[in-house]
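Number of protein chains: 4
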Amino acid sequence: MTTMDTGSSLTVLLSRYAAVRNHTMALVAPLTAEDCGAQSMPDASPAKWHLAHTSWFFETFVLEAHEPGFAPFNPAFRVLFNSYYNGVGAKHPRPQRGLLTRPALAEVLAYRADVDRRVARLMPTVLQNDALGALVELGLQHEQQHQELLLTDIKHLLSCNPIFPAYCDATLPVGDAAITPAAAPPGWVRVEGGLVDIGHKGAGFAFDNESPRHRCYLAPYALASRLVTCGEWLAFVDAGGYQQPAHWLAEGWDWRVVQGVEHPLYWHRQGDGGPWQVFTLAGLQPLQAAQPALHLSYYEAEAYARWAGARLPTEAEWEHAAQQAPTNGPDQLFGTAWQWTQSSYAAYPGFRVAEGAVGEYNGKFMVNQYVLRGSSCATPAGHARSSYRNFFPATARWQFTGLRLARDL
Amino acid sequence: MTTMDTGSSLTVLLSRYAAVRNHTMALVAPLTAEDCGAQSMPDASPAKWHLAHTSWFFETFVLEAHEPGFAPFNPAFRVLFNSYYNGVGAKHPRPQRGLLTRPALAEVLAYRADVDRRVARLMPTVLQNDALGALVELGLQHEQQHQELLLTDIKHLLSCNPIFPAYCDATLPVGDAAITPAAAPPGWVRVEGGLVDIGHKGAGFAFDNESPRHRCYLAPYALASRLVTCGEWLAFVDAGGYQQPAHWLAEGWDWRVVQGVEHPLYWHRQGDGGPWQVFTLAGLQPLQAAQPALHLSYYEAEAYARWAGARLPTEAEWEHAAQQAPTNGPDQLFGTAWQWTQSSYAAYPGFRVAEGAVGEYNGKFMVNQYVLRGSSCATPAGHARSSYRNFFPATARWQFTGLRLARDL
Amino acid sequence: MTTMDTGSSLTVLLSRYAAVRNHTMALVAPLTAEDCGAQSMPDASPAKWHLAHTSWFFETFVLEAHEPGFAPFNPAFRVLFNSYYNGVGAKHPRPQRGLLTRPALAEVLAYRADVDRRVARLMPTVLQNDALGALVELGLQHEQQHQELLLTDIKHLLSCNPIFPAYCDATLPVGDAAITPAAAPPGWVRVEGGLVDIGHKGAGFAFDNESPRHRCYLAPYALASRLVTCGEWLAFVDAGGYQQPAHWLAEGWDWRVVQGVEHPLYWHRQGDGGPWQVFTLAGLQPLQAAQPALHLSYYEAEAYARWAGARLPTEAEWEHAAQQAPTNGPDQLFGTAWQWTQSSYAAYPGFRVAEGAVGEYNGKFMVNQYVLRGSSCATPAGHARSSYRNFFPATARWQFTGLRLARDL
Amino acid sequence: MTTMDTGSSLTVLLSRYAAVRNHTMALVAPLTAEDCGAQSMPDASPAKWHLAHTSWFFETFVLEAHEPGFAPFNPAFRVLFNSYYNGVGAKHPRPQRGLLTRPALAEVLAYRADVDRRVARLMPTVLQNDALGALVELGLQHEQQHQELLLTDIKHLLSCNPIFPAYCDATLPVGDAAITPAAAPPGWVRVEGGLVDIGHKGAGFAFDNESPRHRCYLAPYALASRLVTCGEWLAFVDAGGYQQPAHWLAEGWDWRVVQGVEHPLYWHRQGDGGPWQVFTLAGLQPLQAAQPALHLSYYEAEAYARWAGARLPTEAEWEHAAQQAPTNGPDQLFGTAWQWTQSSYAAYPGFRVAEGAVGEYNGKFMVNQYVLRGSSCATPAGHARSSYRNFFPATARWQFTGLRLARDL
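Protein chains in written order, with the working numbering: chain G, 1 to 409; chain S, 1 to 409; chain X, 1 to 409; chain A, 1 to 409.
One chain only, chain G, in its complex shape (with noise of 0.2 Å):
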């Protein structure tokens, strides 16, 4: 990760912090206090966690060590707040993080104020220490990461309410609600390859996991020129594609017996032979032909690839491709769906974990997880990179993942 330009005002920096914070807030706008205090899987997180965890992220990493007379807002919360952060002591378990009515969200809204109000204060020391400035950075790259899952985690907990609420309406569309749907028929970008530089470049903010920058040779390859739509999709579920073992990976096919999957998460039906329909951020939807399929786990992207005779791309003929984007690129490469790539997430060549609590950020996590590549509907904005690499389980669905085809030339 990089520091903040030291020669930016301190206007501008409190304003991007007040911009990241504010919008996290209005996030949470449409909520009820019912609503920010649920949580309705283990994977996923109340509301209202969010909201108070990116502030202790805030008041452990910047203000404990910087703060003059530093004081807890609320000694509890160093254990309700901490996510996973085994270096910084205990940690309230993941799945009873709904449990926590108390504090309550006012509560919690007050702490955002004061950790925000305590922040600014701080800002000018910020200024001139470039590590503490990183700190603050990396402060609010994962507040933005906790926007994404944030809308997310309220889509799965609406979801599982037989009544479908709906989190926005139609004239003020969020997430999936606003995507625009893919106007053209498909094609293939053709990638020549070659010996390729992978991974972050340049001053600004990255994960540590973009780094280090490193070579790697790619054989020619095309990518699809947008990602598999509903439509398309459609015609998977109908040719009996989730009930034909041969094109699953073994795994995939045990879970997919194991959870009874059909089709794609959020997809609904009513009887047997009637309309499919899809709960998207705006309430259950009509399935629209257009659209990209969302909410796939892994093992059906693959399957869905095998199927059509294609295969996964890799992250790097992902990056690579995107790098050079601007000429001859493919389409929805950001904000519409994270993009699953065959590349098991693992250390790039020479990667160092970092020093201390931060360092647990991303490195204790790579092992059985796959890269996810570009960015989606839920990804704020300004937050999306080419090197950029997110990463799941291959079982995970409630993220707005998607496919993207490649294949060999």
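Hints may contain errors.
Stated by the list, open to error - Computed footprint of chain G on chain S, listed as stretches where at least three residues anywhere in the stretch have a Cβ under 8 Å from a Cβ of chain G:
| hint | stretch |
| --- | --- |
| 1 | 35-42 |
| 2 | 66-80 |
| 3 | 92-101 |
| 4 | 159-168 |
Derived from the structure by calculation, the hints contain no laboratory data. Even glycine gets a Cβ: it sits at the ideal position worked out from N, Cα and C.
Starting from the structure of chain G, add chains S, X and A where the hints point.
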């Protein structure tokens, strides 16, 4: 169950209805909307769900068949707030009740108010229809049962929060915070037994499982004059009672090992040799020796009794003694803790299940549960009687469950 | 339990001992070493384990304290073949009994022979020591219990093999292959009841749980004249009995759904409309309408009874009727199938657990199990009596369990 | 995979076939029928099943299509001994392989003999049919894979027995009982890397997953000159390596805690401070410091490497170094232990799944597994090569898995 006295005036009926319904509202007064929405385990329900389900009961069993021009307050509520009545249609999965962030608490309160208004309007009809009167009474008794569950469920929820919030303060004690400790040393109350009659008698309300009244033979026995106290239980703990399989039922021992149980639920200890504390509705309190031991599983109660050279009473022994109580009876029969008996919950000879959905009330639970007698500190006033049969699985600990010893003569 | 008649000659004692022990050997005669080693589920044990454990019982409870210069055949066997006697020391985990490929079957048979030789040598002492004689008798009764388990466990094991091997052939029928079908249509045997005595009486052997004999009161009742047949059960299946929750206990319905139970254990059907077959110890056989329905869980028995407008008998009703049987009794009381009663397995009034490890025999299982009365086609000759209390959890189906209906008068 | 050299004489072919098939028989020679029938966990198979399944492979893929007048030895075996080939039809549930006490071992051996006789008769045809020759070779390679599994599965089975039986005695050592300890202190072998070619090359046999040979870029690196030893691993244990989450992947730490892992599989210690012992195919042996650490999970290997300031090699690094081995290579590349790499098991660029059931061989397992390179003390002679890709989930410990460290230069 018996019908309302048709001579009672409309005023009396309305007043009783209001008293019960208002008591539920009083119970949620100390709670936030977030408190009311959360579910701490599959066995427990959110307070909001109790509020709605008890209203659903009146809407479904009283209003639907008798209100002119009946229309449900909200058709979705019929599924959301059905508990286990298969005869009434679909139901929301019990472990997911905590995910129903919509309807919001405010809407559920509006539902309650609407049901109350409509039931009040129907009361003149109720007065003239014995069967309908019986259903209203059943609804009130049902609501009283949920009042107790609401308190025990909230206590469990608050106990899952590492900051241990109190439900009430010590100046306005509720439930276990209001128990009067045992004054006297324990003694034995001798009962002659013989051929006795057990079961509901008279014209008052009783649940179906309390009938028919029937004969059974009891050998002479003695009941402890009061419940086992925390001080006595601590002696069991300190004597290694939780470490010695010889005291335990085989299944109880396995349960203890797997669950890691080493003391009653809600007992806590700072560090290894610190003082014992007990979580109550008034928060964490120092263990008091004269308080009754609460929150015991059947297994624990049975192991303690064996260790103490005694046994659990049968439900017939308990009821027969309670019927004689005013003259020469044991203390703490009612209002402190439900008392485990060794009687498996089963149909009385000649028991018949009622027709229709209301018939699902009790009979279908008559397997692998044990009968508890008396009533607890959380039982609403007027809800207890000597023929009352409460029942829970042997593992249940979150109710206010205690132990009265028995022995042969 | 009672002591052996001290007047009995050594010859009689040796002959009885040999008869019981040899019968176990006869039961394993049709089996390979591989058959004897496998364990099909945690509830079942390998035949080899039964062979060894029953010998371990004599070695531990008879030889160890009384044989001059006692030394164990193999010290390792003390752990390997202990079943559940915590008082005797460590034990091998029950679900892993099938992994004990060593000692080999041949070595276990040598162990049996060695124990037999040593017990025979001790018999003159046994004749002069009532307590020791009682232990020998307990060992023989214990072995007879394991003879029945050995057959039911082997049946379960063979049933897991898709080629459905037969244990015996039809010309030499054993167990369910030897049952005489019901000749008569069903009728009701009326019993007056009243104040009756229940429990073991007289000088013969009985297990501790059959005592003390005690008084109880029975209202008038009727028992079915014979067991429910396969033909009658098929009518229940065809009437949708397994699809209608109203017939079932709530816990039974959940069990049925989770386990996917749609007919008794060991019933099979080729395709959707093919003829029903039943797996027996003689292999797969066409379902015969007049054969008793076997391998029922308590839940299934209870559901059938409810559907049929009847109920399960209590164990006291069953025993009282059986005591009167020669004059005017029901058929198939013994030798066909264990008969579920509605009685939870509990201590009789005044029951006392025996001292020492032998005291772990029965008392510690008295929770969440139901009593079965009579005896089955797999019960060894001479092992049945009207006060005998068999017990299993409500889910158990691999024993020869059947159903006799009861009703109030 | 490549075809047999059609110039090879029938004698050579028959002799190779007999050598491989006889080696399997030699492996089961020390085992009883009971040993051969038991299954210690779902991941392992009974030896009898290995014997039958490897014969099933020849019967199904070689004989069925090519033997004139083909008839299966036993039609039931087609289901019983299918492993995971969905394309071939039904299969017996893997966790229940230990319940197949029939066919008996003797019948399975007769099956093997019959298949051998028929395959031998078909060999002249095989010589003239390249595709058929390739299937025979695949069958032999497949059998060699099962020879290793047979040994590791038996080792696991025997380890579950508290008397720790030995498979072989120390005078005739097999597998880990025959490993030569490391003589030298550890060092680093430097490798320049660059643009290198990886994957199978030449005319010899290889599995589909080793192709196509392809280019990749490697930064300079170093590999440890030998495997990590038990003595070195003990230092990790003694340093609290299993108690410090900072060394572990998050998922690895959770696995460690849930499974209670505190040392490699098969390490034992008498009491708390007693000497360490290691269970081997020759029984329980004192831990020897110079022996390689074996039976490590990926998580343990990764944690150790992190603790040691090193990392796991990639599979390309391993293969590239192994190709250069004779001149300046690391020791213990082959014949000691499979060596975890950090490479997730994935398709090589350009990989194509073969048509038909044989195509299910490798491709469908390419998710959530990690590649191991080299070969182990249990790998049959002639079965190893530098392009060989073994693969197991990160949790697997019952194979002979070890660790070679790597680092960046």
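Ascending list of hint numbers which this structure does not respect: Result: no hint breaks.
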